[in-house]
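Put chain G on the given structure of chain H with help from the hints.
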Amino acid sequence: GDSVTQMEGPVTLSEEAFLTINCTYTATGYPSLFWYVQYPGEGLQLLLKATKADDKGSNKGFEATYRKETTSFHLEKGSVQVSDSAVYFCALSGETSYDKVIFGPGTSLSVIP
Amino acid sequence: DTAVSQTPKYLVTQMGNDKSIKCEQNLGHDTMYWYKQDSKKFLKIMFSYNNKELIINETVPNRFSPKSPDKAHLNLHINSLELGDSAVYFCASSLIKNSPLHFGNGTRLTVT
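Quick note, the sequences are listed as chains H and G, same order. Following the working numbering, the numbering of the first sequence begins with 1 at its first residue and continues without gaps. Following the working numbering, the numbering of the second sequence begins with 1001 at its first residue and continues without gaps.
Any given hint could turn out to be false.
DSS-like cross-link-like pairs, simulated, lysine-lysine; straight-line CA separation at most 25 angstroms [unchecked claim]:
| hint | chain 1 | residue 1 | chain 2 | residue 2 |
| --- | --- | --- | --- | --- |
| 1 | G | Lys1052 | H | Lys100 |
| 2 | G | Lys1071 | G | Lys1022 |
| 3 | G | Lys1040 | G | Lys1071 |
| 4 | H | Lys68 | H | Lys56 |
| 5 | H | Lys100 | G | Lys1022 |
| 6 | H | Lys100 | G | Lys1067 |
| 7 | G | Lys1041 | H | Lys60 |
| 8 | G | Lys1022 | G | Lys1040 |
| 9 | H | Lys77 | G | Lys1041 |
| 10 | G | Lys1044 | H | Lys100 |
| 11 | H | Lys100 | G | Lys1071 |
| 12 | G | Lys1052 | G | Lys1019 |
| 13 | H | Lys68 | H | Lys52 |
| 14 | G | Lys1036 | H | Lys100 |
| 15 | H | Lys100 | G | Lys1040 |
| 16 | G | Lys1041 | G | Lys1009 |
| 17 | G | Lys1041 | H | Lys100 |
| 18 | G | Lys1022 | G | Lys1036 |
Some chain H residues close to chain G (C-beta under 8 angstroms, calculated; not the full set) [what the hints assert, rightly or not]:
| hint | residue |
| --- | --- |
| 19 | Phe34 |
| 20 | Glu42 |
| 21 | Gly43 |
| 22 | Leu44 |
| 23 | Leu46 |
| 24 | Lys49 |
| 25 | Val87 |
| 26 | Phe89 |
| 27 | Lys100 |
| 28 | Val101 |
| 29 | Phe103 |
| 30 | Pro105 |
| 31 | Gly106 |
If you are wondering where the hints come from, they were derived from the structure by calculation, not from laboratory data. Just so it is clear, CB atoms sit at the ideal spot from N, CA and C, and this is done for glycine as well.
Extracted from the complex, chain G is given alone in its bound form:
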């Protein structure tokens, strides 16, 4: 009965490859997010979707493309991976604006 689940938990790949991370929430929330956490634990928002509509798109390279097939799912596809993309990526969801975020356990991406 995991609330926000991400797959895979670990992802090791080579530079130049394309990879996807999947996220699903069973909380009935309307808004979903992708956050990137660097090696110093700093969290930066990347994208936010509300009812399948993109509402936040921070300054992220266009190699990153989110897709929301329905309001319970938000996937992240990354093209042409670079060393600097190595980080932990967190999916999160919230019920409404200003309500608390519920996070998944993260996907640790390592680009070699």
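Bound conformation, chain H alone:
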């Protein structure tokens, strides 16, 4: 079945550091890919998405590129802020998984001043 793997956390960075959170997936066909963010005590929010190969999703300084050849969708940000501290989830919605979004295990990020 479809699945998503993410780098394990927690990740701790200093403010203004470069962030990469790795995400790889297994799915048949051409899934849509997402990054969601969960701030403490809140529900998940969509951060960005990509629906086909080589698409780049971007939002709030975060970027991720849909790489079909490596089945990856790594999240990057050039300069993190304390307010970026949260849990980040990579997710996919596959062609064969009707209305079912599959989430990775989440990566906790802490940014220290």
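For chain G alone, coordinates are given in the frame of chain H:
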């Protein structure tokens, strides 16, 4: 003007009790979901309804019963609560297949 709202936010109860969680969305979406998030933040889908019809029913004990009176509401009733049911339960909605999910803020259920 909250998009997806859940009640209650916290629920503390004893083993063996029956409880319900309510969810409402005002986004006009056709599909609604229940997800369970465990203590390690892992998210697992439980149920999905499309226009009041059950379309996803994962391997969930039959003590859990979803009910959708209309496409804007999806409630979750849990019978005979067990310690292992302690988790955060999230309601979500989406417009169509493969469109992004909109989540509520969760209901933290603690079974003692």
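* To do: Please name the hints from earlier in the document that this structure breaks, with their numbers sorted from lowest to highest.
  => Checked against the structure, the only hint that fails is number 3, while the rest are satisfied.
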